[in-house]
Amino acid sequence: MASAGASGANNSRRLSMGGVTLNMTRMGVATRRACLTARSGSPGKSMMQSVDDDAWLPNFRADQVPFETAHEDWSTSSWREKQQLQQPTYLDEDALQAATDELRRMPPLVFAGEARTLTEEVARAGRGEGFLLFGGDCAESFLEFSADNIRDTFRVMCQMGVVLNYGGGLPTTKIGRMAGQFAKPRSADTETIDGVELPSYRGDIINGPEFTEEARIPDPQRLVKCYYQSAATLNLLRAFANGGYAALGRTGSWEMDFVKGTSQGQMYTDLASRVDQALEFMAACGVDVENTASSTSFWTAHEACLLEYEGAFIRKDSTSGLPYGTSAHLLWVGERTRQLDGAHMEIMRGIANPIGVKVSNKIEDQELVDLCNCLNPENREGRLTLITRMGAGLLKKELPRLINVVRDAGLNVTWVADPMHGNTETSSSGYKTRRFDNIRQELEEFFEVHEAEVSVPGGIHLEMTGRNVTECTGGGVGVTDENLNENYVTHCDPRLNNQQALELAFVVAGYLRKRRNAA
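Mapping of the sequence shown onto the working numbering: position 208 corresponds to residue 208, and the numbering continues sequentially without gaps.
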């Protein structure tokens, strides 16, 4: 991730966070003409220009100042007039207002220049010139928050990135479901255990996982706590990404105990050795390997589920005059909240970030076209990612239809596969789980369909962790129904563990290599 610099403007406030000085300069509102110029610029130019990341209004009251946008009927509060699904009911409105006011006074978590750079990388993946790797927790939690857990997930994603880069032959963009993935939509508002009915757990940003009446009451202060945890997570991720930990020369020295003695561990060791040899060759040729391979880009993304939280982080980039969602670099809308007339789509259509939408076999042809036109009316590359979630077997039947609908309408999208959500089941031992073989099958179908339809598979979206959990069965690690209880710690959906995630990266690298060789 790009780090924020500090410029010497006069009327400004400075805040030091994690060694990075943020310059909070109060800028004027851009003119309508300038905004339209920025919005209508061709991909790779106006929207992809670097900006002064300091040019922000972090103390800006988003609900009081209108933005200049390409949507004349959009404002930072227009979502309040729409249907708001999957939202909690707060008992104390004054406490909620106090919490969101506090969030609006906080510095943004990410910056406009970073979001624009990611848009360019998403566009590259959509053209087949790169690949997106989304990975991270189903839902982040307060209990599991630690530097070790952040490091472990970051490390495994870097290892997966090396496998995809080197084995698949494409630059891989790593996007963590981190620093904001706290809220979860639920299929039912309540759950019943032993005859006791309580509100459903909706993620730590809303209520607690404990099955007690007190824990399940939505608490506005959880929004503030999530902000601070997200800021700390981002601070550590930036340090890992830019401080040398992710250097290519360290691929062989990253801690590998979790795959020692396994087939994927040996494959990774062999690949790391080849990377080292390639770096030695580059150095011998006079390439400055120390500087060019000493850091990595790492972005963040989450589902924009809790509207009060996302609304508090809509900020204006004073360089372009455009509104951005500053809680993450990329935000997506889930399958349950993508209604065209809903509040979630209303927020998303107005912000300039790269955005995603989860789609399944349930979406109708015209609905898909309308969705794309709503979120990306200028049809810009890199703006919109469609994340398919269907399940093994079903994707092979339904994805060709969606690809052809998008192609016939001339729409620019980047296709990403989520092989997790359509493959959730209940094990014989009573645990919610996912089978590695089904996950692999859906990914195989994803690549096969895109090859048959002469389309581009742009990335994968995984719920995973850097820890050695036992939540998904199968893979080389051999997790079975019988030993799911050994380390089943998720608060929500089952995740791939570190070994399964790395194994899957080798599988996907094979698909990419096959596609490259056939070109």
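Mixed in with the good hints, there may be bad ones.
[Said to hold, decoys possible] Using C-beta positions, here's what the derived DEER-type ranges look like: (1) D73 to D408: 39 to 49 Å; (2) G510 to D365: 27 to 37 Å; (3) R407 to E72: 28 to 38 Å.
[As the list claims (entries may be wrong)] Listed next, the in silico DSS-like pairs over lysine-lysine satisfying Cα-Cα at most 30 Å (straight line): (4) K225 to K82; (5) K396 to K174; (6) K174 to K362; (7) K397 to K432; (8) K174 to K225; (9) K174 to K432; (10) K225 to K397; (11) K174 to K514; (12) K396 to K362; (13) K514 to K432; (14) K397 to K362; (15) K396 to K225; (16) K432 to K396; (17) K225 to K432; (18) K362 to K82.
Read the hints as simulated data drawn from the structure, not as lab findings. Think of the CB as a built atom: it goes at the ideal place given N, C-alpha and C, for glycine as much as any other residue.
Hints the structure violates: just list their numbers, smallest first. 1, 10, 13, 15
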